[in-house]
Amino acid sequence: MTGIMSSRTTVIIGVVGLIAVIGLTFVLEPFRNYQLATIAAYLCAVAGLTMLTGVNGQLSLGHAALMACGAYCYAFTANGLAEQEIEGPVLLIVPIIAAVVGATVLGLVIGLAAARLHGPYLAGVTLAFVIALPAVTSRFSDVFGGDQGLWITVERRPEFLAGRGGTEMFQAWVAIACAAVVVVLLRNLMRSNFGRQMRAVRDNEVAAALAGINVARTKVIAFTVSSAAAGIGGAVMAFMTQSASPGAFNLFISLFLLMAAVIGGIGTLYGALWGSILLVVLPDVIGSITRGLSLSPEVAQRLDGNLAVGLFGAVMVLVVIVAPFGIQGLVRKAGHQIRSRGSLQSAPHPK
Amino acid sequence: MTLRRNRALAIVGAASVFALAACSTNGGGGAAEDVPGVTEDTVTIGTHQPLTGPAAAGFASISAATSAYFDYINDNGGINGRQIEFIVKDDGYNPANTQTVVRELVLEDDVFAILGGLGTPTHSAVLDFLNENEVPDLFVSGGSPTWDQPEEYPWTFGYNSEYTSEAAILANYAQEEFPDGTYCMFGQDDDFGDDFEAGLLEILGDDGLAASERYSVANQDVTAQISALKAAGCDVVFLASINGFTALAVGTAAQLGLFPQWMSSSSGGDYGTLETDYLQENAPLLLENFISTFYLSLETNENDPWVEHFQMVQDEYNGGGELGGNEIFGMNMAYMFAEALAAAGENPTRESLVEAVESGAVDGTGIVPLGYSPEDHTGNLGVRLSQVKSGVQAYFGDTYIYQDGEVSVYDGGAVPFENEGIPTAE
Amino acid sequence: MELERFIFLTVDGLARGAVYAAFALSLVLIWRAARIVNFSQGAIAMAATYIAFVVTSMTGNYWLGLVAALLGGAAIGLIVERGVMRFVSPVNPLNSVIAALGVLLVIQAVVGMLFGNGYYPMAVPFSQEPLPWLAGLSISAYDLFVFVCVAFVVLGLAVLFGKTNVGLRMRAAAFSPELARLLGVRSTRMITLGWMLASAISGLAALLVIPTELGLNPHATDLVFVYAFTIAVVGGLDSAPGAVIGGLVVGVLLSWVSGYLGATLSPVAVLVLLLAVLLIKPGGIFSVTKERTA
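For the protein sequence lines, the chains are A, B and C, in the order given. Each residue of the first sequence is one higher than the one before, starting from 2 at the first, in my numbering. Each residue of the second sequence is one higher than the one before, starting from 960 at the first, in my numbering. Each residue of the third sequence is one higher than the one before, starting from 95 at the first, in my numbering.
Derived by calculation from the structure, the hints in this document are not laboratory data. Bear in mind that the values here come from a model prediction, so they are computed numbers and not experimental data. Don't take each hint at face value.
Claimed, not checked - Quick list of the computed label-pair ranges, beta carbon to beta carbon:
(1) Leu262(C) / Ala335(A): 45 to 53 angstroms
(2) Val300(A) / Pro184(C): 37 to 45 angstroms
(3) Asn194(A) / Lys375(C): 33 to 41 angstroms
Every residue gets a Cβ at the ideal spot worked out from N, C-alpha and C, and that includes glycine.
Between the sequences and the hints, there should be enough to build the whole structure, so can you do that?
This is the structure in structure tokens:
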């Protein structure tokens, strides 16, 4: 399926894309920059999930809780540093590293259990995990701040960004940088020998074991790496909103992450990108449409949010039944068609 | 080959990015002058409210009443010739949603100020954001002392009587009336519960509570907590709960055969809400003798010109129906903002709005004094106690204020009704 | 005092556990019929409860509402199975989980659009106050009603699968669809029937449990589903008696945890229990199957 891109082209495209997106932050309204940053934060987690589910065949509904773990680790570290009056790049970067470490450790623990579970069982356990999160934060509210969560001291925008919209621009930069790192690392991992092992385990565990692959080890590592990515996503969220609270990482977020991965095209990083964009843009577009319809406030209230969720759900079902490779599959198909029309020699690729 | 496909990808990517950029150009809002949200003939403000979720049934009527009162003012010429536009956003009582909707209000809708953002956990999440962006954050609906930090949060002002004051005044009354009671508390597991408990202990002493149980908004089964109160032999239970959980507590207690003297914070003690939205026909029986607090007119007040006035606005602008504590709360909120706006000058700025509040130009319509000054951003300084008798919640006894650890009687009287309830520049 | 509290917590746990058991039974039914863990079961039950709520509000009659919940649940089960799940490729078991989650989102969104996301208090047909002639046990008339309903469901299913022709065919279709088809059983129809039956039962369970909480809302069954899933796993997804016993045991356990350790901890207790059972005895405590594959 996947044509191996020459790595040089990928690098060029990646760098050009990155520069374009960062350039974009200079022209966007502050709220759009905030949305851009949100897309980047989701992308971190969705990319990790799409690798876990699409490439390794483990379905997790607990990634919201792993994001929460990242967010709380970020909060503890950032607040601790701020208490020592440490600022600057340290306050920016060290909490993110702490978030990765925290989420990795938690991911390892869950991954060890997950390696023994299949399909719906893993989904059910991780579902219980995400449901238990508010219970934990509420039980130990002196540590986690209960439903209210924690307030975080974050590194402020640099001085030259002072003024309206500067904070949002800075947030977008940090978020995009994190997402870029996650995507590059995951891409390399998925293309490495380990990527092949993950696919082999997904397709047939017995065959993979016979081929000398350590199935349990592969699954545990995949879950741990995926958790680390979710942790970074949570850290970026915490940085953007200056808070970590259980409500920000509820079951709905887990479902949204899965939805983004599936609709975008499960198992591909481009798919994760499309899905993350859709997660942020679609509700916004629907919101502006319903506002334009001059509905009664009560009807608008009901449509707000719900319409987007319903559409997401319906599309997800359709994707599973009709177009298992999601948006990225369609994009690729369109690409094939354009190409075969362009050059007479190249025959259409058989599927 | 691959390059071409990548180009196709890049084009799609670029297209979606520019679609995003295109969206952003029409989000500006277009203020005539340099002040966000203020034009020649309008002032746009916004709020975050729980219109859905576990807190909704109790509180959704507040912003409707505020909107209705603004409609009334607008129909009578507005303030300084400007119509007030009030944008209400739903946050579902979830701090994470509050973050998003308040950013929308400030960055996308360019509101002049935030008015009456509801909830302690929710509003705490946007406190720094609003102050950093220097957005007036007026009359926060929640009794946390957090709002009163003029040094750190110069743009934020409180509204409710603080939880500590309410608790202290209730505890003071309980000691007078039920000196031999076993005192207990049932509260929310956040600052609301913590502050309220601190206020109780201030009066009752550190070992003044025989039991103190907490609930989490996410978990609607309170059987275990209530059975613990029963086990502790409580006969006076202080409530630091939002309306829905007051109803759950009282209902569950009756199921378990526990019938204590309830003494509730104003935040969850509105009889009308408890009856209409939760307890229905069981309300008069379950809530008989229920004591609560409030600092505004009660709809059961006789010959209160404010109540008559609010009822008129309710009938003409809010679809009629019974006037309740939430409606009075919401309309008073609108009146106070109008007072501040009127005093902020012909061409209001965010700075002049805040100065107007600090100058003491805002009196509200309530029964206790307001604390606003450059050094103090507290809202209502005290409360009066109310009790339910045969399904009617009415005030009784003195009005109290709580300052510097002391409960004292306030005899200043209520704010007089003037100019058909439309504030003018004084 | 301590003993009284213990009895109270135990009885309260049994009453809740009975409802969870009924819910878990619905998961077992679908698992046995289609080898699918239906993650949309909670949403189906919630939607059925809304139907009951509308019927009861319009007619003022609780019992018509109860019938509506059963019929409505069955109808939604029919639509979900015939309209969606049938078309999902069984090659990858994750597909059915993802499709069911999509259905869950659609149902919650549709209900949210029709009724708003607010809470509706629900009436119960019997008093929830403790019965005086059972003093000390803290059993209310409503608790008794719940027990009777669940007992009715359990007995009904036992008779259906043990004594009737349809039940026999359903078991055959679930046991070996191909073989059953050769023997003249219309397996696909039996699968649909399983979905309808399961959805009706989960609708009833939701109708019984929601009035004991704050009120009906689009997320009223989220937590209940997690409890039911845990119970189904503890009991063994294949085992109906396992679901019933598991339901009662888990109900009491949760009640003790929330009573003695704090109410907020019960979801954590569920997680621990679920993990413990899956890691130590992956087949469930009451299941005879040795290894479970999904």
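Outcome of the hint check:
1. Leu262(C) / Ala335(A): 45 to 53 angstroms: 52 angstroms, holds
2. Val300(A) / Pro184(C): 37 to 45 angstroms: 40 angstroms, holds
3. Asn194(A) / Lys375(C): 33 to 41 angstroms: 36 angstroms, holds
Checked against the numbered hints given earlier, the structure satisfies every one of them.
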